[in-house]
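Novice: On the provided structure of chain D, position chain U as indicated by the hints.
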Amino acid sequence: MLAVAKCLAGRGWRIAITLAGILALAAGAYVAQGLWSSAPSADAAALLAVALPDDEGREQRLDQWRGKVLVVNFWATWCAPCREEMREFIRFQRMDGVKGLQFVGIAVDQADNVRQFAKEIDLNYPALIGGLGAMQLSQAMGNELMALPFTVVVSREGKIVHRQLGPLKEAQLEKIVGKLL
Amino acid sequence: MAPAASATGLDLSGAEPKLLPPEQAFRFSARALDSKTLEGRFDVVDGYYLYRDKLHFVLQATPSALEKAELPSGQRKHDEFFGDVEIYRGAVTIKLPIAGGSPGQSLVLVADSQGCADVGVCYPPTRQQVRLTIPQAGAGSGPSVAASPPRKGLFD
Numbered sequence: 001m002l003a004v005a006k007c008l009a010g011r012g013w014r015i016a017i018t019l020a021g022i023l024a025l026a027a028g029a030y031v032a033q034g035l036w037s038s039a040p041s042a043d044a045a046a047l048l049a050v051a052l053p054d055d056e057g058r059e060q061r062l063d064q065w066r067g068k069v070l071v072v073n074f075w076a077t078w079c080a081p082c083r084e085e086m087r088e089f090i091r092f093q094r095m096d097g098v099k100g101l102q103f104v105g106i107a108v109d110q111a112d113n114v115r116q117f118a119k120e121i122d123l124n125y126p127a128l129i130g131g132l133g134a135m136q137l138s139q140a141m142g143n144e145l146m147a148l149p150f151t152v153v154v155s156r157e158g159k160i161v162h163r164q165l166g167p168l169k170e171a172q173l174e175k176i177v178g179k180l181l
Numbered sequence: 001m002a003p004a005a006s007a008t009g010l011d012l013s014g015a016e017p018k019l020l021p022p023e024q025a026f027r028f029s030a031r032a033l034d035s036k037t038l039e040g041r042f043d044v045v046d047g048y049y050l051y052r053d054k055l056h057f058v059l060q061a062t063p064s065a066l067e068k069a070e071l072p073s074g075q076r077k078h079d080e081f082f083g084d085v086e087i088y089r090g091a092v093t094i095k096l097p098i099a100g101g102s103p104g105q106s107l108v109l110v111a112d113s114q115g116c117a118d119v120g121v122c123y124p125p126t127r128q129q130v131r132l133t134i135p136q137a138g139a140g141s142g143p144s145v146a147a148s149p150p151r152k153g154l155f156d
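For the record, the sequence lines run as chains D and U. Number 157 in our numbering belongs to position 157 of the first sequence; there are no gaps in the numbering. Number 72 in our numbering belongs to position 72 of the second sequence; there are no gaps in the numbering.
With the rest of the complex left out, here is chain D (with noise of 0.2 Å):
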């Protein structure tokens, strides 16, 4: 195991997927890669059978937040975009999260840092740890490039409607979700 690996996926690297979820995130990036140039409308039920710890430990199901306009936010502390682009999403939780917006990050990082960090700014939102083993969970979702930041949006009929490596932008990202709330 490579040390910068390790260092990296510390206590987080713990993806609990099931072998069929697995199996179903490769057929989703298949079906991705389809619809690459198209309309983006596949299905996120793989991602949304992803489980992860929380910062606290403890370990959150993506499907419990179905049926909500979710935005699922790979980054990490060691990203300087991601950490900038993250108040705005606070931002936005706290304006529409009545409406059925629902932000989830997955950090590619290790708890400590992540804990640290949602501290400093006051995170409002889920904090999933995901090690390094979160890259290919967002290369299995389009992240070709396994780059951060990388963002799903999911439509609460259970569709990927967007999907965006770099950060997206306010004026963007009002027109993503506010079409779907």
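Rather than coming from a laboratory, the hints here were simulated on the basis of the structure. Built from N, CA and C at the ideal position, the CB exists for glycine as well. Do not rely on the hints blindly, as some may be mistaken.
One-sided excerpt, in silico: chain D residues whose CB lies under 8 Å from chain U [said to hold, decoys possible]:
| # | residue |
| --- | --- |
| 1 | Pro81 |
| 2 | Leu132 |
| 3 | Met146 |
Specialist: Coordinates of chain U only, in the frame set by chain D:
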């Protein structure tokens, strides 16, 4: 990088992303100068940068071992979470003194790095490695060797 990308991020539902994979954005190569010194080099493509304090080198060859890498100063960059950090752009060469090396010896130099693209995307730590042979005494430095295979070991 296209200015449009920095304005809007990279919408994967539309155009193809134009970002390079990290092993191409941060190409690593190295050569053996003599039995006491290796030289590592990163060629960072325009629009990308590496974090100085995230560079780590390991030598896979016993009994030789790397001594302290001589990392040149980088450009200052303020990070609100990590404070002032140093970054590298363009070409950066790093002297890597070794102990216990002998002429003709084959060794593998492993370089870990982490960097970002100016469009607002960061890569996880990337591992690259090169196989070098220490030149014979008086023969001058060995040839420059490009890293391969890329990204090996990231998820080992």
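Novice: If a hint holds in the structure, say so; if it doesn't, say that too.
Specialist: Hints and how they fare:
| no. | hint | result |
| --- | --- | --- |
| 1 | Pro81 | holds (4 Å) |
| 2 | Leu132 | holds (6 Å) |
| 3 | Met146 | holds (7 Å) |
Going down the numbered hints, you'll see the structure goes against none, and every one checks out.
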